[in-house]
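So the sequence lines, in the order shown, correspond to chains E and Z.
Using my numbering, the first residue of the first sequence is number 30, and each one after it goes up by one.
Using my numbering, the first residue of the second sequence is number 3, and each one after it goes up by one.
In short, the hints are calculated from the structure, not lab data.
Hints are not guaranteed to be accurate.
Claimed, not checked - If you want the footprint, here are the derived chain E segments under chain Z, 3+ residues with CB under 8 Å: (1) 63 to 69; (2) 204 to 217; (3) 231 to 239.
To be verified - Not everything, but these chain Z residues come out facing chain E in the computed CB check (under 7 Å): (4) V20; (5) S23; (6) V57; (7) P75; (8) Q76; (9) K79; (10) L104; (11) E107; (12) G113; (13) V375.
Ideal placement from N, C-alpha and C gives every residue a C-beta, glycine not left out.
Letter by letter, the chains look like this.
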Amino acid sequence: MKLSGWDALAARQPALFALVMLGLSLVINLILQPNMFARETLNSNMRVFLPIILLAVGQAIVILGGGIDISVGAIASNVNTVLATRIGLEGSPEAIWGFVFLSLGIGLLAGAINGFFIAYLRLQPIITTYATSFLYAGLALFILPNPGGGIPASMAALYRNSTPFNLPLAFFVILIILLIWLYLSSTRYGKFLYAVGGKAEAAYETAVPVTRVQFSTYVISGLMAAFSGIALTMLSGSGNADIGGPMTLNSITAVVIGGNALSGGVGGVTGPVMGAITLGIIQNIISFADIDTWWETFVKAAIIVMALAAPGIVNLFRRRRT
Amino acid sequence: MAESLSVRNIVKHYGGVVALSDGNLDVQAREVVALIGANGSGKSTMSKVINGVAVLDGGQLLLDGNPVHFPSPQTAKNAGIATVFQELSLIPQMTVAENIWLTREPLNALGQVDRKTVNARTEELLALFKGTFKTDLHSDVPVAALPPDEKQIIEILKAISFDPWLVILDEATASLDSRQVQRLFDLVTQWKEQGKAIIFVSHRMEEIFRIADKYSVLRNGRTVGAGNIKDINEKQLVKLMIEKESVLGFLRGEARSDENVEKEIALEAENLTTEYLQGVSFKAHKGELLGIGGLRGQGQRQLLHSLFGDLPYSGTVKLFGQEVHFKNPREAMRKGFALVPGDRAKEGLLYIRSILDNLLLPSWRRYGLPLKVDKAKKNAAQTGSSLNLKMAGLEEPVSSLSGGNAQKVVIGKWLMREPQVLLLDDPTKGVDVGTKAEFYALLNRLSEEGKTILFYSSADEELIGLCDRVLVLHDARIRIELAGKTLTRGNLIAASLGASNGGPE
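Just chain E, same shape as in the assembly (with noise of 0.2 Å):
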């Protein structure tokens, strides 16, 4: 087989088609929104962006190796009605520190359930995580049944104003997250991750820990996904069982426009980043172009059938010419 120019461009550069999208959707987004760059509105923008970039991030990941995790957007939600039922308009700054560490804790376990039932048990990863998404969505409902609760005003204000050197404080989220995965990229763990989610078999013949890197994705992937609750608190300033559910499937269409192949094996993390950006200015563009809010689900699903029937459609060509 030999790899035909476009196949090798997109096996070297996959991030490419990522990278187009966005400045497409930034141009149409620019010239609906002319200030969009301005420090007020930019910030605006990237603190809403911010929690679907952290999940898309811990789906990625997840998505490399080989695995989907449908439960990403319930750890969400579980996170936020903790916060904003524990710590309360009035909690103290240990109270914070506390819960927040609680938080994260609690992405770490529900991502070990996750991979304990994925890699140890060796189910299938959508059914699974389908199934625990229930566990921790329900779970949300039963500590906030109701949208209430509340964080300090000082706290959400921190996440929502802080622009340090005039930028917004989500850039330097990112750029912490990209200087990570460019590290774990090059580690041997890095590589792993390449090695389980090309050819689990492969990968295992030739000695790596299959186990343990597919047990490691998902718990990453909670992690990420507990930071993506305490920015989601942080912006909204109260609690909501239901906020997370319809993060889920943002952050696998962020994945899929950052050139991740569904299977696993090709992508990295950087591609979606700027597919969780791009979707987010979709958002915008819709909501500055008037157009019904149904078309956003609509462009959203079209992107996921599109990347899924390429490979698919490019066969069938390839076919008929021979």
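Place chain Z on chain E using the hints.
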């Protein structure tokens, strides 16, 4: 470095199937041991037990005389055992360098993979096969982009990259060209001098005699002979691989071979070529039971599946003189073709559906709209009883049946369509002895009824007992056509191995 590895009385089951019942092997540093055996004799299982991919169910591994246990590939690797896998253990999306050094990447102080060192060492390894590559092979090319022979070379380089003391070459030469094989053998000679031991698993007699110092023969999961290669010749080796004539309860009709000549040609293929097959031509007469032989995976499956319209091919296929080119199995079915695939659980049956559903699946069209269910059931029941299908009822799922009875359902579903050409891919695999005898009778009856049958079997005695003519496939080509007096077990096995001369008469 270790000096010797001994495998003693190894037993390995896969479910109910015994892959190895008494496997033995001794290998010393500075020697090449050829592991030889026919289909399903347990060669691959033997290498998987040694390299920790399969955990043994009984017996012992001795490293320098001390018992060792390899519960995972990692432990075997730590003991200095490397494997070139037949199915290749490469990750297609990763680059050549990443694949070779996976799990052993040189790291810098920060724990990052040192890409410069990796690439430099990879280029060093690639230099071992320099000049034999068809493409511009470099360390940063993704493996998916390489042709099969270069993938195989990467697999070999990966195995030797950590300087093991024992290298298992499992069919490592199958996709290499002669120049690459020569280079590999030069390297093997060097490795021997460095004190390495090599287990060489191959189907090619010529290569075995060229490179091996010792041999070890497996037959039906048992080691039946071992010794120095210079004390034995090709004929004797083949004899060791053959079982003593098993008593089979079937006999074909007498002197049918002469009649066939006058019969009209039913199926004719000329220069049939697929991604794998390299131009196969043959003629089959009406009512002929034409055997297809050879080791497993030499193109038999591709041949049968492409005739059935399941694989794209080039070349001409004629049915009673008329050219046909099926694009899908449905077109083949309409012309009276039927295929009994090699993997009945995956390709032959809907396992969780009922026997009735399975039998009627290809024939529903004939029962009209609305379906004449009663008539269909009656016909299915007739087919079932004519095949002596042992079942609790037609509504039972196929998964409740034994292997032999499940295979009867596969054959039965096609017989309900009155096929003209039957393509059988190892139909007696995993079938009990009693049912086998029934199959043999059925095949004879069908061919007497004038049906043309292409019959691939991995059991050589079936081909000899049932067929008048056998085409032996080797390396995706027809190696030889055996008929009449030349159709002997020895010739069959010798041709399967691509041996230069015939085996014992």
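Hint by hint, work out which the structure violates, then give me just those numbers in ascending order.
Of the numbered hints given earlier, those the structure breaks are 1, 4, 5, 6, 13, listed in rising order.
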